[in-house]
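J.: Protein sequences appear in the order of chains X and Y.
Numbering of the first sequence is given in this note's numbering, commencing with residue 1 and proceeding in unit increments.
Numbering of the second sequence is given in this note's numbering, commencing with residue 1 and proceeding in unit increments.
Any given hint could turn out to be false.
[Claimed, not checked] Stretch-level coverage of chain Y by chain X, calculated; a stretch enters the list once three of its residues show a Cβ under 8 angstroms from a Cβ in chain X:
hint	stretch
1	110 to 122
2	330 to 338
[As the list claims (entries may be wrong)] Computed cross-link-like contacts, DSS-like style, restricted to lysine-lysine with a CA-CA straight-line distance of at most 27 angstroms:
hint	chain 1	residue 1	chain 2	residue 2
3	X	K33	Y	K404
4	X	K95	Y	K404
5	X	K95	Y	K103
6	X	K97	X	K41
7	X	K2	Y	K152
8	X	K51	Y	K280
9	X	K7	Y	K404
10	X	K59	Y	K345
11	X	K32	Y	K279
12	X	K2	Y	K280
13	Y	K206	Y	K51
In case anyone wonders, no lab produced these hints; they're calculated from the structure.
As the structure is a prediction and not an experimental result, all values here were calculated from the model.
Idealized CB from N, CA, C, for every residue including glycine.
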Amino acid sequence: MKHEIKKISKIVDELVTFFLKNDTDEIDIKIKKDEKNIIIKIVDYNTCFNKEDIDCITKLLCAQRQHEIEAYYWQLAGEIDSDSELILVGAMIDKAKVKIIDKNLCIELIRYR
Amino acid sequence: MRLATIDINGKEIASLIIDNKVITIEEINNIFQTEFKTDTFEILVNNQWDKLKTFYDEMLLNDSDNIIFSPTILLTDFIKIGGIGAAFINSAIIGFLNLYLLKKYKMRINGLLIAAFMTVLGFSFIGKNILNILPIYLGGYLYTRYQKISVKDVILVIMFSTALAPLVSEIMFSGIIGNNFGIAVGLLVGTLIGFIITPLSAHMIKFHDGFNLYNIGFTAGIIGTVFASVLRVMDMKISPVRIVYEQNNIAIIIMLSFLFLYLMVVGFWVNKNSGTDYKKVLKYNGRTITDFTQLLGYGVTFFNMGLMGMLSLGYVFLVGGIVNGPVLAGIFTIVGFSAFGKHPKNCIPIVLGVVLISVILGYDLSSTEIIITVLFSTTIAPIAGTYGVGIGVLAGMLHLAVVKNVGVIHGGINLYNNGFSGGIVAGFLVPIIDAFQKGGE
């Protein structure tokens with residue numbers, strides 16, 4: 001797909017902006033690309049988010065992939081820091097897992113190629 | 001049909017009287033790009049009466065043909081040139097075509113899709129017809145074949161991009177290219193627009209960072225400006241017109257009232273707590289992407305759509321306006337985007353700004369031009385939603401100033417003129433507001 005790498009960068013940009021702005025000062029990111037998938041793993045250390053916040057993030061990220069939203073709006077991801085675009089991230093990925101492990105918020109995003 | 005002279009503001013103008021309706025020769029010339037004399041005496045002296053009768057038999061008798069074969073640039077009200085029946089049939093045909101495409105490509109109905117559908121439906125009263133939108137759809141389809149992507153990915157952008165449909169009609173039927181090549185060039189230009197608009201629209205959104213909800217309006221404004229400039233540099237004149245239906249029709253008003261009431265009832269039917277949950281809608285700033293169907297569900301979304309429709313219709317009545325083609329487009333667009341960011345709290349400050357500056361400048365609030373500016377100005381509702389009432393009012397005031405001047409740049413070939421203006425206002429205002437805000441990382 002066109003601009004695939006740039007789209008991954010935009011997703012990561014959005015998430016880094018979101019977590020640094022709203023939650024933490026320490027993040028790990030791992031990106032793995034193979035023939036079928038692109039997997040993005042993010043660990044947000046010592047999260048301050050409560051259960052309600054995490055449920056909301058999970059709901060937005062676990063929404064169905066929406067190709068038409070992606071084609072129209074993908075360049076908007078990560079553009080500003082006064083608002084978040086987690087809906088857009090949710091529309092650009094196929095699967096999301098959100099877990100709390102030892103007070104750290106661990107997110108795994110899978111995007112089919 | 002009779003030839004008559006009517007007095008408009010002390011000026012005698014030749015007109016045709018058809019079934020108790022009056023159409024001036026000037027309007028006929030504007031719509032059909034004819035060159036009949038506008039003075040009754042000159043028509044008779046120049047032996048144009050017989051030509052007018054022949055023209056009437058060939059052109060004016062067929063309402064649907066008027067819609068299909070008119071140049072359709074802003075502001076061409078299909079209710080005026082084709083009649084209420086033909087205008088609604090045109091809207092229905094375009095609506096069913098789009099519904100068919102959404103069904104064929106198994107699109108999930110989200111807020112943006114509702115917005116796109118309602119916008120296309122509304123603008124089928126002022127500029128879109130089956131002939132001028134099809135080349136754009138073809139261009140979008142060719143883009144997907146060229147890039148080897150699914151039509152599903154771009155169908156939504158293509159639906160919106162029919163904002164430039166008047167360019168197709170203008171080239172085909174206004175005679176600026178020449179009768180032999182006009183239709184072929186019009187089809188080609190429409191196809192080209194459909195091909196290029198998807199990458200352009202994705203790129204343009206960065207200019208206003210999603211604070212202008214009608215992003216394609218901004219993109220189409222840029223494309224329209226380029227195309228109009230190319231036509232003008234080749235000495236082909238292209239300029240906006242004003243053909244507007246000036247009577248209220250009770251059937252349209254009743255139909256709209258029932259439609260919006262129906263949406264509110266369905267909202268309650270889907271979600272019994274729509275009333276209490278509605279408070280949550282008002283918490284969102286409305287900036288792209290605020291998809292209420294995803295965030296709050298279909299019940300609250302439908303309720304918001306119905307309520308916004310009622311408020312829009314109520315405003316038109318309050319100022320003594322007419323529900324004609326352009327106003328229908330404005331109302332339908334608001335209702336559609338009420339599934340994708342708009343709600344009373346972020347729209348009212350913008351509307352207040354437009355109304356306030358209109359009153360200060362002495363504009364007639366009941367004129368169709370000001371009413372549609374008020375309705376479409378809500379494209380920048382996210383500015384009020386994000387930065388508050390004061391900035392919202394300021395943005396509304398600025399919007400009126402800009403929208404009054406940008407139409408002439410693209411010569412009326414971009415139907416979403418307020419989207420173009422909204423993009424400029426948001427792109428100008430938001431970084432300035434940001435510069436004045438203190439603190440933060």
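J.: Quickly compare the C-alpha distance for X/K97 and X/K41 to 27 angstroms and report which way the hint goes.
T.: 9 angstroms, holds
J.: Within 27 angstroms, alpha carbon to alpha carbon, are X/K7 and Y/K404?
T.: Answer violated: X/K7 to Y/K404 is near 37 angstroms, above 27 angstroms.
J.: Run the distance test for X/K32 versus Y/K279: straight-line Cα separation, threshold 27 angstroms.
T.: The hint is violated at about 42 angstroms.
J.: For the pair we were handed, X/K33 and Y/K404, check the Cα-Cα distance against 27 angstroms.
T.: At roughly 50 angstroms apart (the allowed maximum being 27 angstroms), Y/K404 and X/K33 break the hint.
J.: Under the criterion that the straight-line Cα-Cα distance not exceed 27 angstroms, is the pair X/K51, Y/K280 satisfied?
T.: Since the Cα atoms of X/K51 and Y/K280 sit roughly 19 angstroms apart, the hinted pair holds (cutoff 27 angstroms).
J.: Within a Cα-Cα threshold of 27 angstroms, do Y/K206 and Y/K51 meet the stated pairing?
T.: Status violated; Cα separation ~53 angstroms.
J.: Given the hinted pair X/K2 and Y/K280, is their Cα-Cα distance within 27 angstroms?
T.: 37 angstroms, violated
J.: Against chain X, does the stretch 330 to 338 of chain Y show at least 3 residues with beta-carbon separation below 8 angstroms?
T.: It is violated: at least three residues are needed, and the stretch 330 to 338 of chain Y offers just 0 whose Cβ sits closer than 8 angstroms to chain X.
J.: Holds or violated: X/K59 and Y/K345, Cα atoms, limit 27 angstroms.
T.: 25 angstroms, holds
J.: Decide if the proposed pair is consistent with the structure: X/K2 and Y/K152, CA atoms, cutoff 27 angstroms inclusive.
T.: 15 angstroms, holds
J.: Test coverage of the stretch 110 to 122 of chain Y by chain X using CB-CB distances below 8 angstroms; three residues minimum.
T.: Answer holds; 3 residues pass the 8 angstroms Cβ test.
J.: Is it true that the CA of X/K95 sits at most 27 angstroms from the CA of Y/K103?
T.: Since the Cα atoms of X/K95 and Y/K103 sit roughly 25 angstroms apart, the hinted pair holds (cutoff 27 angstroms).
When held up to the earlier numbered hints, the structure conflicts with 2, 3, 4, 9, 11, 12 and 13 and fits the remainder.
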